[in-house]
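Assemble the dimeric complex from its two separately framed chains, guided by the hints.
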Amino acid sequence: MSGVTVFGLCAAAAVGLGLYGLITNPQPLRKVIAFNLLGSGVFLLFGIVGRRGAAAGFGNDPVPQALVITGVVVAFSATALTIALLLRLFQTSGSTSLRGGEPTRAGPDPSGG
Amino acid sequence: MTFATFLEIMLAAVVLGLGIWTIVARDTYAAAVGFIVYGLLVALIWVRLDAVDVALTEAAIGGGLGGVLLLGAAARLRATEVMAAAEAPGKGVCLGAAALSAAVAVAIASAVLQLPEPAPTLAPAAVANASATGLANPVTNVLMAFRAMDTMLEKVVLLLAIVGVWSLASDRAWGGRPGPRHRSDPRGILAFLARLLPPVGIVVGIYVFWTGANHPGGAFQGGAILAAMWLLVIMAGLADTPPVSNRLLRLVLIGGPGLFLLVGLGGIHFGPAFLGYPPTFAKPLILGIEVAMVLTIAATLGLLLAGAPERSTEP
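Protein chains in written order, with my numbering: chain A, -6 to 106; chain B, 17 to 331.
Don't take each hint at face value.
To be verified - Here are the in silico distance ranges between beta carbons for each label pair:
| # | chain 1 | residue 1 | chain 2 | residue 2 | range |
| --- | --- | --- | --- | --- | --- |
| 1 | A | Arg92 | B | Pro140 | 52 to 62 angstroms |
| 2 | B | Val216 | A | Gly50 | 32 to 42 angstroms |
| 3 | B | Gly108 | A | Val35 | 25 to 35 angstroms |
| 4 | A | Arg92 | B | Gly304 | 43 to 53 angstroms |
| 5 | B | Val220 | A | Gly50 | 19 to 29 angstroms |
| 6 | B | Gly112 | A | Val35 | 17 to 27 angstroms |
| 7 | A | Gly50 | B | Trp190 | 51 to 61 angstroms |
| 8 | B | Lys107 | A | Arg92 | 11 to 21 angstroms |
| 9 | A | Val35 | B | Ala95 | 31 to 41 angstroms |
| 10 | A | Gly50 | B | Arg199 | 47 to 57 angstroms |
| 11 | B | Ala91 | A | Arg92 | 19 to 29 angstroms |
| 12 | B | Arg42 | A | Arg92 | 13 to 23 angstroms |
Just so you know, these hints were derived from the structure itself, not from any lab. We put the CB at the ideal spot given by N, CA and C, even for glycine.
Chain B with its partners taken away, still in its complex shape (with noise of 0.2 angstroms):
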């Protein structure tokens, strides 16, 4: 057993503890916390097996926004927690339900141990159409690309569910401004780090996006960078959030999948087929989706964190 190996082991058993943690904290806020490392760690295992935009993806939003979303929600749930106790289900169907899951996990384990040899691959045919759209990343080739009615289509579902969040809104909040008003000491330690990190966290946020064309990185990982420091200057009451009836906000939601859209039909009329790109435009077609993408990423995600609107606009 190599070193490599050794440390591979390591680094599951651990990934499997913070797991087991997760289910049988007593405390949801501890279970939030253990699924925030999890996270983080299981973005280290996405670096391992080389999926370096994976990893970035899986740290920023599984880990980071995930996990500032699962620790507000428990600490304003914390009353809830004694009632919960008390549902507890019988030894029965804890008996059941481990029964059912080792089963479900032997099940897996026995097909990944399985798997056919060689393993099938679509690389080299990721590789092949490259130069069709002049970008060197392949995972983001196939993003934007071989694959991209998944990425418009996934554009939507992050739209629908912004639309879902604010339908929760009472009737006097309604079109208002989302979540509660942060107040922070304006000399303090949250206010000075608000202040010192989004010019920094900006500029690498775009330029995780920008390097995405051709290095690990992208729209979803960029944009995830934006909006964490778009919360930071909120969470430190620097800033308020927008009230959602807002016009031009509205517009930056849906400016990323309504130009995918765009430039998918104009694929029908001009290139291919829907959301073919003409060849020799096929790199400022995808930049220009992309940088679109990004605002909408960076807003819908940061809306979605923020929750539903609370306060209505008139004070």
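Looking at chain A on its own, in the form it has when it is part of the complex (with noise of 0.2 angstroms):
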């Protein structure tokens, strides 16, 4: 077994795990970390495909590598956007609580937001 299938199946294994703590961990920083676990795993399968297409004196195929790191870029703004936001409803509203439905601390924002 060469060292691109252990990592392929590394990549594999990050993306369910990502998968299962996105589903289960109920608080939202959490959810936050496991999404970016899963995304990990899905950019290390591009990582495998381009090693494999290692051409033309390349270790790696540069267009797979490229895409990955756009990919970097974009999951951290995302996640940037997303903590503001937990921060944001955490500042408003005194919790992180996803649930629907039942009323949490109802008061006025202590900020004048």
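Listed below in structure tokens is the structure:
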């Protein structure tokens, strides 16, 4: 079994783990971490495909590499936006619960927002 | 089994262990720390896969800046930990999720084992057209020329994320300074490092950016290093975050995508197509866009980490 296959199986497991955490973790921040784990597995799959496509003197196909670099930056900005949303939710309601329906601590926004 | 394969299996095992840790750890802070180490080790996997450009990006953005973001949020949301524990899903949901996740993982793993042979590749095409840009790093070629549309739209995504984060400010802090004002002992170790490291870090960041034309590196990796230096100075309390209503700041933020778009539109007029560079000017045009982009990326990444405006500019 070559190193590429080992990392490929590792990527598949990371996707599975991330999906599990995304569904079962009640804490939204943990869902964000789990989703990033899932994403990192998907990026690694790109790396595997690129590594297998090594040709013309490159150890890894440059096209999937470029796609992953773009993907990493987009994933980071999406994470930053999600975390800003979470912090704001916590600031205004005192909780980050994703459960709908239940009234959380209702009160005037302390920050005047 | 060779020694290299053995090392690769060990690396994969440690990465998987850390992945499991980030999911099962009780404490969110501990999970975030696990995720940072995970990101750094995944960067090693990328080096083993001979994708050094991605490794640099993953280490700088995935492990470094992403880690700071997660740790900061985990510390500020610590109070929600108990509440979240009460909302844990039941056994049935967990079992269902486990079955679904295992099925997805097995499906992907079997796809990995059955990838076509010989593998399809675009590397020869990237080599054949490298002369069109005059850059030797194939990844930079793909990012800046062959798939320039992706890179330009990604800059727009960064801008949209910033707009989204800024619009979460309360009325009082609208247009104000992001994040809390950091204070630290002016004679302490953090302030010392914040004075010592940025000159070195700025040189390294610019080098990584500049060498990206021909070697692993580029605007993203260099920009992330510059952003880290800026944040270090802010966290040590030596400088404050700029108010988001600052004109110059906004100009830097739209400079990268703006110039990219202008050159792209120029391509319709003077070159072959939208984002098509006239061959004689390809290299200077790409380097010009990258200079504007590295500043935009550094400012955007730093501001995304700083978060929504929390303090009004008037004291």
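Structure-based check of each hint:
1. Distance hint for Arg92 (chain A) and Pro140 (chain B): a CB-CB separation of about 54 angstroms, consistent with the stated range 52 to 62 angstroms.
2. Between Val216 (chain B) and Gly50 (chain A) the beta carbons are some 33 angstroms apart, a value that agrees with the proposed interval 32 to 42 angstroms.
3. Remark: the range hint 25 to 35 angstroms for Gly108 (chain B) to Val35 (chain A) is upheld by a beta-carbon distance near 28 angstroms.
4. In this structure the supplied range 43 to 53 angstroms holds for Arg92 (chain A) paired with Gly304 (chain B), their Cβ-Cβ distance being about 51 angstroms.
5. The hinted range of 19 to 29 angstroms is satisfied by Val220 (chain B) and Gly50 (chain A), whose Cβ atoms lie roughly 28 angstroms apart.
6. Distance hint check for Gly112 (chain B) and Val35 (chain A): the Cβ-Cβ separation is about 22 angstroms, which falls inside the suggested range of 17 to 27 angstroms.
7. Between Gly50 (chain A) and Trp190 (chain B) the beta carbon distance is about 54 angstroms. The supplied range of 51 to 61 angstroms therefore holds.
8. Remark: the range hint 11 to 21 angstroms for Lys107 (chain B) to Arg92 (chain A) is upheld by a beta-carbon distance near 19 angstroms.
9. The supplied range of 31 to 41 angstroms is met by Val35 (chain A) and Ala95 (chain B), whose beta-carbon atoms lie about 33 angstroms from each other.
10. Checked against the hint of 47 to 57 angstroms, the C-beta distance between Gly50 (chain A) and Arg199 (chain B) comes to roughly 53 angstroms, which is consistent with it.
11. Checked against the given bound of 19 to 29 angstroms, the beta carbons of Ala91 (chain B) and Arg92 (chain A), roughly 24 angstroms apart, stay inside it.
12. For the hinted restraint 13 to 23 angstroms between Arg42 (chain B) and Arg92 (chain A), the CB-CB distance of approximately 20 angstroms keeps it satisfied.
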